[in-house]
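Novice: Based on the provided sequences and hints, a complete structural model is requested.
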Amino acid sequence: MASGGGDVKLIGAWPSPFVLRARIALNIKSVGYEFLQEQLGTKSELLLKSNPVHKKIPVLIHGGRPICESLIIVQYIDEVWTSSGPSILPSDPYDRAIARFWAAYIDDKWFPTFSSIPKLQEQEAKVAAVQQVYEGLLLLEEAFIKCSKGKSFFGGDHIGFLDIALGGFLGWMRVTEKMFNLKVLDESKTPNLCKWAESFAANNAVKDVLPETEKLIEFAKIRFKPPSAD
Amino acid sequence: MDKQSEVVVFGTWASPYCTRVTLALKLKGIPYQYVEEDLTNKSELLIQYNPVHKKVPVLVHEGKPIAESLVILEYIDEFWNNCPKLLPEDPYERAKVRFWANFYDQKIAPATLSLIKCKGKERERAIADCEELMKVFEEGLERDYQGKSPFFEGENISYLGIVVGSGSCNYQAFNEAVAVTFDAEKHAAFVSWVEDLKAHPLMKEMLPPHDKLVAKIRHKFSLSPEPQA
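In order, the protein sequences belong to chains A and B.
Last residue of the first sequence: 230 in the numbering used here, with the numbers rising by one and none dropped.
Last residue of the second sequence: 1229 in the numbering used here, with the numbers rising by one and none dropped.
Derived by calculation from the structure, the hints in this document are not laboratory data.
Please read all numbers here as calculations on a predicted model, not as lab measurements.
Every residue gets a Cβ at the ideal spot worked out from N, C-alpha and C, and that includes glycine.
Hints are supplied without guarantee of correctness; some may be wrong.
Stated by the list, open to error - Output of the computed footprint for chain B on chain A, the stretches with three or more beta carbons under 8 Å from beta carbons of chain B:
{"id": "1", "region": "61-72"}
{"id": "2", "region": "89-97"}
Claimed, not checked - DSS-like mimics (lysine-lysine), calculated; alpha carbons at most 27 Å apart, straight line:
{"id": "3", "chain 1": "B", "residue 1": "Lys1107", "chain 2": "A", "residue 2": "Lys55"}
{"id": "4", "chain 1": "A", "residue 1": "Lys183", "chain 2": "A", "residue 2": "Lys109"}
{"id": "5", "chain 1": "B", "residue 1": "Lys1135", "chain 2": "A", "residue 2": "Lys189"}
{"id": "6", "chain 1": "B", "residue 1": "Lys1055", "chain 2": "B", "residue 2": "Lys1220"}
{"id": "7", "chain 1": "B", "residue 1": "Lys1186", "chain 2": "A", "residue 2": "Lys55"}
{"id": "8", "chain 1": "A", "residue 1": "Lys55", "chain 2": "B", "residue 2": "Lys1135"}
Specialist: Written out as structure tokens, the structure is:
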């Protein structure tokens, strides 16, 4: 199916890991799209109209119809553009279930802890959160070994659903490492994930849209200026 | 291999998340073995099959475990891709049902749980939060399904019927246990969808019995039969 440049719009913002997921999926499928960037601190009419329930980015608009929630968008992209690019979800139903399980784990458990780190004031709480993040990454390291079956990605030879789910946060993992002077992806703890991160960042579908760490740091300094705003 | 033992579900009778799974299997005509778990004394097998969360439901198919009810539902639909289908065929319609399932699990269910646990002034706030979310939910579903019940696909119970109905169909037991007045008139459409769903023979078969559920909710959350103001 030919990629419809006028037909596909993505409402988003360059720093958002959730928006990044959608962009990577679109790139995998070579789908041209118009990227409509939201300004920090305001929400456009189009965003409010397209996602009245959550009022959040990303929103994919295809043929005038909105799709919300990053992982739902990624699955939608995979299900619509079936004949261009590799499949994003694995083909085997059990492998698909495993990919979905870990993606849900990342969003429901890992990310809330990870994103709490800059907001925690007390050192003790911070240390506990970092420890939980490591434990989660250890689980994901094990999952990687099982899912990748010796290849470079969770999805095997190609970037797949779980790569996108976790990889969306890669830029912010690097920001956390620089700003808090700790290792999030630690070669001594999660060597496979470290290698994976390099491969992921270098991938054609990722490298042009993955935000530069320095730019993200500048953004973080503005976004997370205390007192913390939501 | 005995067909009966190919599919095993670990669950608890009162959990709507477990009802989702058994309902889906029944709908598809898939035979399964059911193992009732005591969550105060979890079995070795459960912990082995779901080491990450140690929760029910878990589906074990040909010895391979899958956890998380929504993940399980999609697996059931994809492996046993016979009719009736659980999810719609069209990608946009699939995105819609996934969206509302996600909204229910991330917003409605936690708000309802908060409400059970709250007392006094906090409870008033929790009730207001639930009300607000229900309004968004009902209006959104009405908009997306043009006033038709989102819980049916023709004659069959739909994906949202399974996901939402497994919890919402117990609303009367919930109201009684927690002593809330759920203003049905404020949500006439939603209540009518729920009542239609409750009348379906499969739901009648699979939902936990009312009185037993009331007692269970009260016991689980240490609610006295006559809560103080």
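Novice: None of the hints should be skipped; say for each whether it holds.
Specialist: These are the hints, each one checked on the structure:
1. 61-72: Satisfied; 6 residues make the cut.
2. 89-97: holds (count 4)
3. B/Lys1107 - A/Lys55: Distance ~14 Å between B/Lys1107 and A/Lys55 Cα, so the pair holds.
4. A/Lys183 - A/Lys109: Holds, at roughly 20 Å.
5. B/Lys1135 - A/Lys189: 47 Å, violated
6. B/Lys1055 - B/Lys1220: 16 Å, holds
7. B/Lys1186 - A/Lys55: 24 Å, holds
8. A/Lys55 - B/Lys1135: Since the Cα atoms of A/Lys55 and B/Lys1135 sit roughly 16 Å apart, the hinted pair holds (cutoff 27 Å).
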